[in-house]
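Order-wise, the sequence lines are chains A and B. If you use this note's numbering, the first sequence closes out at 402, no skipped numbers anywhere. If you use this note's numbering, the second sequence closes out at 402, no skipped numbers anywhere.
Since the hints were derived computationally from the structure, they do not count as laboratory data. Careful, some of the hints might be misleading.
Copies of the same chain look alike in the list, so a pair counts if it works inside one copy or between any two.
When the alpha-carbon atoms are kept at most 20 Å apart in a straight line, the in silico SDA-like pairs for lysine to any residue are as follows [what the hints assert, rightly or not]:
#: 1; residue 1: Lys-88; residue 2: Cys-293
#: 2; residue 1: Lys-200; residue 2: Val-102
#: 3; residue 1: Lys-171; residue 2: Lys-210
#: 4; residue 1: Lys-266; residue 2: Trp-17
#: 5; residue 1: Lys-210; residue 2: Cys-293
#: 6; residue 1: Lys-342; residue 2: Gln-72
#: 7; residue 1: Lys-88; residue 2: Gln-35
#: 8; residue 1: Lys-210; residue 2: Gln-16
2 protein chains.
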Amino acid sequence: MQWADKLSMIQPFYVMEVLAQVKALEGQGRDIVRFMVGEPEFATPQPVLNAGIQALEQDQTRYTDARGLASLRKQIAQWYDRQYGVSVPIHRIIVTPGTSGAFILAFGILLNPGDSVAITDPGYPCYPNIIRMLGGEPYLIPVGPESEYQLDAQLLKPAIEKGIRGVLITSPSNPTGTLIAPKVLKEVIELVGHSKGMVISDEIYHGITYGEQAQTALSFSDNVIVINGFSKFFAMTGWRLGWMIVPDEAVKAVEALAQNLFISAPTISQHAAQSVFGCQDQLLDQVAAYDRNRQVMIARLRNMGFIIAVEPRGAFYIYADATHVLKKTGLDDAQQLCTVILNDVGVAITPGLDFGQYRSNVHVRFSYAVGPERVEEGLMRLERFIQK
Amino acid sequence: MQWADKLSMIQPFYVMEVLAQVKALEGQGRDIVRFMVGEPEFATPQPVLNAGIQALEQDQTRYTDARGLASLRKQIAQWYDRQYGVSVPIHRIIVTPGTSGAFILAFGILLNPGDSVAITDPGYPCYPNIIRMLGGEPYLIPVGPESEYQLDAQLLKPAIEKGIRGVLITSPSNPTGTLIAPKVLKEVIELVGHSKGMVISDEIYHGITYGEQAQTALSFSDNVIVINGFSKFFAMTGWRLGWMIVPDEAVKAVEALAQNLFISAPTISQHAAQSVFGCQDQLLDQVAAYDRNRQVMIARLRNMGFIIAVEPRGAFYIYADATHVLKKTGLDDAQQLCTVILNDVGVAITPGLDFGQYRSNVHVRFSYAVGPERVEEGLMRLERFIQK
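Make the full structure from the sequences, and use the hints.
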């Protein structure tokens, strides 16, 4: 049986293979420091769990409106007001099954066969695959420290001249943790606004920033698609709940598509998520803990020889150039480095290959969404390995 | 802003507009009998709610494996054994966010741009839209009472000669409630097996059958894609949980695609669903209640002049030819009939237009997934309306 051609382009994430190896090693009794997962390790705030329990006790488990519960969408609107001073009318907010669902809807309403979407290389590995599944083509733009691993108007010009349909901005970025400067974001939105394209702003790591607040694309224009969700700052991963904010004129199309593709987002999650907005203090404590991890890791990784050209100021990732470390250890490339580190000292990190082609064979991603004692343990093991 | 061309083909379900009208009327204090929804009205079995509460109390809310929890997949395998006497290896079972997610994965792995999938007209309105979103084309085959509204080898031959990629079987069918005969299903699977196509068997209404058991496509071949879920027989709608069983050689592709498109199905739902298999008695009581509704409705609708050419033996729908009723009432078509019935006597039903083109303007769908007193009330109102 032949499967769809586009499937041959879809690799399982390398990080999933790492995860399988980690589980195998752990099954043998090995202790592995998990610097590879993008999943917050903190407990869910108790009010969220309580709200979920209450929904179950009242059997509030039926389908909701395809756009999500009105009460939840109202809370999301209020969050934009409090967080950014931006007023978002509720009818432009659509609750989705995770941000994954929001991306499927966004590319679904935008893409005709062969249409392309500009994304960064390195970038989140699901983007190109979702784009291809919906008939489009990823238009990869290599980015490096010069632009802080973000797109800017200059990098985008050739793509826009070619008539790309979408421009995806991820700030803070996975895997680099860098933010787009507000001025650059504004320029990009203006540039794309003059074309037939649409900016899609992935803001899933908003809230997890250090020393500054990320700015929503909605501050600059209503004619953008903003995607966010409950899995990162709000730390509600397996609840599978996200949202998108779309231009007025896209609301009907998104709603019809959501009815067809998803029916509605998980109901219990929609009830529970309404309590998470009141847990700001606990969530900010988590961000403070991430920040401590970040500072420790940056300093000690640099000390080991990893090049961190742009200091990450958001998310919980460090994207490091391992050129010197490869030289020191006599290893061929980042993939080999990851394998050897996992097997020799039990630290799991993700090779750059998961995030693109551009210099990815000398890069690795560290995730520090773990407790401080695990950060310490992992760093000690890495130091031992590299200095031996 | 121009949206994707394929969007112009996607109509919001007419039933959603009916639902909006129903809510508006109810908002004015009107009592509306809801014969339009495809959602079971029964309470969720207590053990399921308890298992969900326990998952929350233990904060078991993180991402699962993209294929779903091993313990849930094992229970699904056991269910195939008990229910059908079919042995399904666990690695071929993938838990999905609703059957919606399973369809996206199935068409995602199958379809190259322009590939077509044979479906019945009338049929479930999401099918053509999901197929188009993934770059394919629905190949609509008009079906009527002659084939019990199901596909058969003879109806499929021209499509197969044209090289269609998929054949979708829905038994019991939405909107007609008819089952495919095991012999016909076997013939279809054999016919398609000799082509480059794949049978996709939507078995979401299995379990809700009257006087006979629906047969899974897996009884006849391992080289089919079977889709099922927890929203109909198991009555867990807003939990958004389904599953698919795929051929050995498709497992890797489906898993990679699921990672990219969904990450994983809702975790709390995965924990809770494991308790639903133990609630067979309560679930069968619900089916018995549906059956009583069905018998009452068929008799009295026929008495009013609705033609029910094939007695529905599954799901909770009756697809009725309203030709005589239109004549009696002097109305133009089924859409007008639905509007007038809703406004005049407060009974909401779905016009055939939602399910296709073939004679749809004289057909309506009744759903009887409601309590017996609502069936009685709705039928009384209809009788009053038609006999006046």
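Original post:
Which holds for Lys-171 with Lys-210 at a C-alpha limit of 20 Å: within a copy, between copies, both or neither?
Top reply: within (13 Å within a copy, 44 Å between copies)
Original post:
Using 20 Å as the alpha-carbon threshold, which applies to Lys-266 and Trp-17: within, between, both, or neither?
Top reply: The answer is between: 11 Å across copies meets 20 Å, while 33 Å in one copy does not.
**OP:** Indicate which option fits the pair Lys-200, Val-102 if close means a Cα-Cα distance not exceeding 20 Å: within, between, both or neither.
**Re:** Cα proximity of Lys-200 and Val-102: one copy only (18 Å, versus 54 Å across).
**OP:** Pop the pair Lys-210 and Gln-16 into one bin, within, between, both or neither, using alpha-carbon distances up to 20 Å.
**Re:** between (36 Å within a copy, 8 Å between copies)
Original post:
How would you label the pair Lys-210, Cys-293 (within, between, both, or neither) given a Cα cut-off of 20 Å?
Top reply: Neither: 40 Å inside a chain and 54 Å across chains, both beyond 20 Å.
Original post:
Between copies, within a copy, both or neither: which fits Lys-88 and Gln-35 at Cα up to 20 Å?
Top reply: Answer is neither; intra-copy 43 Å and inter-copy 23 Å both fail.
Original post:
Between Lys-342 and Gln-72, at a C-alpha cutoff of 20 Å, which is it: within one copy, between copies, both, or neither?
Top reply: The answer is neither: 61 Å in one copy and 45 Å across copies each exceed 20 Å.
**OP:** Have a look at Lys-88 and Cys-293 and pick one of within, between, both or neither, based on CA distance no larger than 20 Å.
**Re:** within (17 Å within a copy, 37 Å between copies)
Of the numbered hints given earlier, the model fails hints 5, 6 and 7; all others are met.
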